[in-house]
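Residue numbers (my numbering), protein chains in the order written: chain A, 12 to 439; chain B, 3 to 174.
Rather than coming from a laboratory, the hints here were simulated on the basis of the structure. By construction, the Cβ of each residue, glycine as well, lies at the ideal position given by its N, Cα and C atoms. There could be a bad hint or two in this list.
Now the stretches of chain A that chain B is said to cover, found in silico as 3 or more residues with beta-carbon under 8 Å [stated by the list, open to error]:
| id | segment |
| --- | --- |
| 1 | 49–60 |
| 2 | 328–337 |
Computed footprint of chain A on chain B; a stretch qualifies when at least three of its residues, placed anywhere within it, have a C-beta under 8 Å from a C-beta of chain A [as the list claims (entries may be wrong)]:
| id | segment |
| --- | --- |
| 3 | 23–34 |
| 4 | 37–47 |
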Amino acid sequence: MNPELKGYILLSVIKMLVVFTVVLVGVALLTLLERKVSAWMQNRRGPNRVGWAGLLQPAADGLKNILKEETFPAEANRLLFLLAPAMAFIPALMLSAVIPFAAPLRLDFDFTAGPLGRFVHHGLMPMVVADVPVGFLFVLAISSMGVYGIALAGWSSNSKYSLLGGLRATAQMISYEVAMGMSLIPVLLLSGDVSFSAIILEQSRTLWFVLPLFLSFFIFLISGFAETNRLPFDLPEAESELIAGYHSEYSAMKFSMFFIAEYANVVTVSAMVATLFFGGWDIPFTKADESGLWYWVILSHVMFFVKTFFWIFFIMWIRWTLPRFRYDQLMALGWKFLLPVALAYIMVISGAIYVLQHVAGVSSPMTRALALTAISLVAGVLVFWVLDRGLIVSGSQPRHQRLEPDLLQNPLGRTPLGGRAAGVRVTS
Amino acid sequence: MAIGVKVMKRPEREASYVRATLKGMALTFKHMFEPKVTMQYPEEKSTRDERGTWTLSPRWRGTHRMLTDEQGRSKCVACGLCPQICPSNCIKLVPGEDEEGNRYPLIYEIDEFRCIFCGYCQEVCPEEAIHVGQHYENSEYTRGRFVYDLERLSAQTHAVSTLWDPTDPRGE
Chain A
12 MNPELKGYIL LSVIKMLVVF TVVLVGVALL TLLERKVSAW MQNRRGPNRV GWAGLLQPAA
72 DGLKNILKEE TFPAEANRLL FLLAPAMAFI PALMLSAVIP FAAPLRLDFD FTAGPLGRFV
132 HHGLMPMVVA DVPVGFLFVL AISSMGVYGI ALAGWSSNSK YSLLGGLRAT AQMISYEVAM
192 GMSLIPVLLL SGDVSFSAII LEQSRTLWFV LPLFLSFFIF LISGFAETNR LPFDLPEAES
252 ELIAGYHSEY SAMKFSMFFI AEYANVVTVS AMVATLFFGG WDIPFTKADE SGLWYWVILS
312 HVMFFVKTFF WIFFIMWIRW TLPRFRYDQL MALGWKFLLP VALAYIMVIS GAIYVLQHVA
372 GVSSPMTRAL ALTAISLVAG VLVFWVLDRG LIVSGSQPRH QRLEPDLLQN PLGRTPLGGR
432 AAGVRVTS
Chain B
3 MAIGVKVMKR PEREASYVRA TLKGMALTFK HMFEPKVTMQ YPEEKSTRDE RGTWTLSPRW
63 RGTHRMLTDE QGRSKCVACG LCPQICPSNC IKLVPGEDEE GNRYPLIYEI DEFRCIFCGY
123 CQEVCPEEAI HVGQHYENSE YTRGRFVYDL ERLSAQTHAV STLWDPTDPR GE
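Model the full assembly from the supplied sequences, consistent with the hints where possible.
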């Protein structure tokens with residue numbers, strides 16, 4: 012084995028250990044943070060008994076979950092029942108391997124470690140476990156694998172609630188996967204590359220993509236909520252309808268695995284939003300963060316952490332603000348609003364890039380980004396002031412208007428089919 | 003239209019979802035910095051006086067207390083009204099009589115597990131001897147410890163409950 016390869020393997024192993032440890036510990040702390048944030052938003056204090064300010068609460072929960080009894084539902088498919096938590100858990104963790112968490116570090120070493128031989132590394136080391144050239148395509152591919160875990164959990168539990176939760180999760184994730192993929196095409200158009208490193212470099216050269224591609228960001232964020240099965244899209248585990256959805260029958264550590272998977276997905280989506288639309292580790296208004304010096308690398312990592320953490324907080328913030336969607340609203344939002352808007356936006360952006368490049372003859376990427384920002388501003392205004400008029404999520408009003416002739420004849424709102432009372436307008 | 007039903011004013015069809023979301027988010031964010039309402043229970047407790055934030059209702063009915071006279075004997079005259087009225091049959095009373103003909107309880111036991119804390123015993127007592135008290139921390143290590151005997155009932159020092167008075171329904 013040549014020394015360069017050995018140096019590469021050594022660095023990769025170190026990065027792997029560090030990244031997965033940090034992600035797992037971070038996920039554990041996120042469960043605490045979620046409870047704290049929910050408490051604060053409801054004028055409560057949240058867990059503060061175990062350890063300083065409740066910091067050891069995740070450890071206590073973990074210990075409890077390891078010691079609890081493992082239950083198996085009667086007639087459950089044992090193999091799939093055991094496999095499902097791992098199937099949900101592993102893709103969620105795999106995703107953290109491809110996201111760059113700091114600027115590349117200039118690292119030169121050349122040493123011999125006894126019988127292991129010589130280790131050599133020269134030049135910039137990308138601060139990512141696997142700098143895959145397929146970039147976010149890998150994320151899209153792996154993140155949709157997470158649905159297998161949920162669908163299998165729902166099916167193998169031999170419980171109607173679990174099955175319904177699993178089916179809902181499958182339909183929801185497949186629906187929103189489409190809009191999510193479509194929302195990323197403008198990013199690809201603008202950066203000309205799918206790899207995260209290239210996307211970040213393009214953003215540090217011009218503007219953060221949230222400005223020129225605002226609608227992409229908006230659609231990606233909403234789809235991200237749906238992909239992680241978080242409120243307002245937590246239909247698969249809607250406790251008021253389905254008890255706990257796909258993990259109703261799970262107990263102890265297997266139940267925890269679903270939770271870890273959910274929070275790992277939250278971390279991934281937040282990191283994706285930060286990377287694709289907010290410049291990743293890029294520190295704005297300076298080029299020095301690409302120099303590879305160790306203190307700039309640390310600063311860029313802090314920058315990445317702050318951005319990711321903000322979006323994690325944002326996801327929790329939304330969870331404790333919005334009520335759950337109805338299932339038809341969820342599907343309507345995905346197929347009738349997000350997907351058409353994403354498709355139209357691809358056409359607008361690709362048309363604008365073509366016009367700017369071949370008709371207007373703009374060659375500077377900065378000018379192009381500014382022009383696209385203006386276009387996105389117009390598109391954003393169009394979406395939020397014209398389309399968002401009872402169309403993003405339709406309430407009960409249109410149905411009520413449809414029902415009105417019935418109601419005149421039948422003031423109690425009881426139709427032969429029953430169950431239409433939601434459309435009754437009470438006049439006092 | 004039934005009385006007291008709140009009629010919700012539904013948003014019009016033109017309502018903007020994004021704007022409503024932002025309004026909701028502003029509200030929840032504002033709540034993060036408001037004073038917390040959680041009582042830190044073992045450190046903060048419900049107290050009767052008005053100094054603390056947390057007050058226990060004066061009508062709270064907790065575990066019992068037997069009042070005693072100046073000589074430290076219980077005020078109970080073993081009339082038998084409290085076991086008679088007790089709906090959960092949790093009071094065990096064996097009456098005795100001393101040389102002067104005064105009745106007193108030989109055995110007076112209350113099973114706090116059976117008790118439903120209705121307060122009838124306090125209400126019915128002609129001597130104002132047995133009371134339900136303002137006490138709610140009753141943990142024990144054995145079940146047997148929940149049968150309070152006369153000695154234990156007399157040794158309790160917590161405040162007694164002010165029962166609901168029909169002539170003064172608001173407790174003024």
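So, going through the hints one by one against the coordinates:
1. 49–60: holds (count 7)
2. 328–337: Satisfied; 5 residues make the cut.
3. 23–34: As far as the segment 23–34 of chain B goes, the hint holds, because 8 residues have Cβ atoms under 8 Å from chain A.
4. 37–47: holds (count 5)
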